[in-house]
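Here is how the chains run, residue by residue.
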Amino acid sequence: MNSDCVAGLAGVSKKFGKTVALDGLDLEVRRGELFAVLGPNGAGKSTAISIMLGLRSPDQGSVQMFGESPRRVEARRQVGVMMQEVALAPELRVREQIDLAASYYPDPLTVDAVLEITHTTPLRDRPYGKLSAGQKRQAQFAVAVCGRPKLLFLDEPTVGLDIQAREMMWGVLRRLVEQGASIVLTTHYLEEAEALADRVAVLARGRLIACGTVSEIRGHIVQKHISCSTTLPVHEVESWPGVESVTCSQLKMHIRANNAEDVVRRLLAADEALEGLEVRRAGLSEAFAELTQETPQ
Amino acid sequence: MNATAIEIPGSRAATNRAMPIGRVLNAYFTEAKYETVRMLRTPAFGIPFLSLPVALYLLFAVLLFGSALRADHKSAVFTFTAFDVFGVMGPGLFGFGAVVAMEREQGLLALKRALPMPPAAYLTAKLIMAMMFGVIVTATMIAAALTLGHLPLSAAQCTSLTVVNILGTLPFCALGLFIGTRTSGKAAPAIANIIYLAMIYLSGIMFPMPKSMAAMAVIWPAHHLDQLAFRVLGNPSEGAAWVHVAVLAGVTLLFTALSIRRLARVG
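Here the protein sequences line up with chains A and B, keeping their order.
Per our numbering, residue 1 is the first one in the first sequence, and the count goes up by one each step.
Per our numbering, residue 1 is the first one in the second sequence, and the count goes up by one each step.
These are calculated hints, taken from the structure and not from any lab test.
All values derive from a computational prediction rather than experimental measurement.
Be a bit skeptical, because a hint or two may be false.
Computed from the model, here is a short list of chain A residues facing chain B with C-beta under 7 angstroms [said to hold, decoys possible]: (1) 55; (2) 59; (3) 81; (4) 83; (5) 86; (6) 87; (7) 91; (8) 95; (9) 190.
Don't be surprised by glycine CBs; every beta carbon is placed ideally from N, CA and C.
Could you put the whole structure together from the sequences, leaning on the hints where they help?
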C-alpha cells in the first residue's frame, strides 16, 4: 500500500448469507484527501465503511487504519465518525453529546469551539430528541469533529440539511482537508462529490468499478452534451454520425454526442438560424450512471 | 467564523494515540455521568424504578399490614427484603435489557464502537447507573423502614445491606445485557418484563412458596439475593451464604460472557 495511505481495504470480501456484499474490494484513503465513495443502493458502500471502521469483520482480505486494526482503540483515537442511521441519546443536550464524545479523545476541542466551528451554537442547550432532522445531522457532525480527527468518516452527511447548512458543512470539510485531515465521504449527491472530492471510488455490486479524480472518472465517458434552438427535425439529427441520442424540451434540442465538434460544425452548416448553442462536458452524474449501468450482472 | 479554531496541528495530532490514564478515567466517568443523567431524565424509567419499591413497601408493610408486622419481626424483615430485592432487580434488567436492545437497533452502540470510546465504558456506565439506582432504592427503603415501618435496623445492617444490594445488581445487569444483545428494541421490554414478573413470583421473595414449588425458587437469582439480604438483617437464610454468593456470581459471569461474545461478533 501507498505510504500515504491512512486507511484501506485489501481484497476484502463479505457475504451475508448468499448475498455477496463485497467481492475482493480494494480501497485506499490517502493522507489529506477527501475521498468520496459512490455507488447505487446495495453497492456495498455501507458494508465497506463498517469494515473500515472495524464494526464488521471481512470474510477474506485485510483492513487497516493507521497501519493497525481498526478494532484497536489507539487507531480509532485519530478517527471521527458520522453515521447515516444513528440516533444519539435523545435526552442529552447537544453540548452534552459533544462533551461525552470529546471525553473519548486525548486532545479534543472544547465544547464551545466545536459548537462555533460547526455552527451549532444555537443548538447548544437543546435536547437532541427535540431537534429537526437537519439539526440532528449538524449535531452528529459536531460529535464527529470534536476529537480533532486525522481521519473522518461521513456517511451521507448532508441528507436533510438545507442549502445554507450544507454549504457551511462543505466549508468546514474543505478547511479540515486543507489542514491535513483525510475524509471518507459517502453520498448520494453527486454534486457534493464533484464539489468536494479529491478522489472518487465508484462501487457496484460489491466491486470497485472506477477510482480516480473527478475529472478522471468523467473521462471514462467521452460524450458531450449539446443544446441549441433549431428548426432541424429530430430524426435528421439522430441519423448523423457521432450522435447518440436527441431529445427536445422547451423549444431546445438536446444532443448527446461522442464527437461533439463534428456535430456542432454540421449543426451550424445545416441551420443558419440556429441560436443558443451550448456544449457541455459530461458531469459526474452521467459518468456515474454509465459506469454503474455497464457493470455486468 | 474562527479559522484557527478547527486547526488539527500535526504536532498535536501526532500525539493523538496516547491517552493519559487520567483522561481514560475521565471517559469512564463522563460516560457513567451521562448514562445516569439520561435515565433520571426519562421519567418512564426513573420514577417506577425509584419510587415503586418504597411505595409498595409502604402500602403493604405500613398501611395494610403495619400492625401485624410490628408484632412479627421475621415477617417484617421478609416483607422488607422482598421490596428491597424488587427494587434492585429493575434498573439492571431494564437498564441493560431494553436500553441496550434499543441502542443496538438505533445504531448508537455501533457509533460508540466506531468512536474511540474505551472498550468497557459502555457497559461500565450502565452498571454504575444500575448501582446508583440500587443505592437510591436501598436508601429510600431503609428510610421508610426506620421511620414508618418501625423496623429496627442497625448502622452495620444498613451498611451491609447497601453493599449486598450494590453487588446484587450485577446478576440482573448481566441477565438484562443478555436480553439486550439477543432481542430487538421492541421485543426486549416485553421479554425483560416476563422474566421480571416470573422472577418476582416464582423466586419466593414476595410470599413463601408451597413446598412443591420451593425447589424451583433456587433457579432465580432474586431468591439468592433475597436470602443474602435476609441474612444481613439478622435472620437465618435457607442454605449457606457462600452458595448464594456463588450462584449470583455464576449468573453474572455466564450471562456477561455470553453477551460480550455476542456483542463482539454481531454488535
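Checked hints:
The criterion of a C-beta within 7 angstroms of any C-beta in chain B is met by residue 55 (chain A), whose closest approach is roughly 6 angstroms, and the hint holds. The closest approach between the C-beta of residue 59 (chain A) and any C-beta of chain B is roughly 13 angstroms, which is over the 7 angstroms cut-off, so the hint fails. Given the 7 angstroms rule on beta carbons, the hint for residue 81 (chain A) holds: about 4 angstroms separates it from the nearest Cβ of chain B. Hint status for residue 83 (chain A): holds, given a least beta-carbon distance of 5 angstroms to chain B, under 7 angstroms.
This hint holds: residue 86 (chain A) has a C-beta 4 angstroms from the nearest C-beta of chain B, less than the 7 angstroms allowed. At a threshold of 7 angstroms, the smallest CB-CB gap from residue 87 (chain A) to chain B is about 4 angstroms, leaving the interface hint in force. Restraint check, residue 91 (chain A) versus chain B: the minimum CB separation of about 4 angstroms is within 7 angstroms; hint holds. Of the supplied interface hints, the one on residue 95 (chain A) is violated, with its beta-carbon coming no nearer than about 11 angstroms to a beta-carbon of chain B, more than 7 angstroms.
Annotation: interface hint on residue 190 (chain A) violated; nearest CB of chain B at approximately 25 angstroms, more than 7 angstroms.
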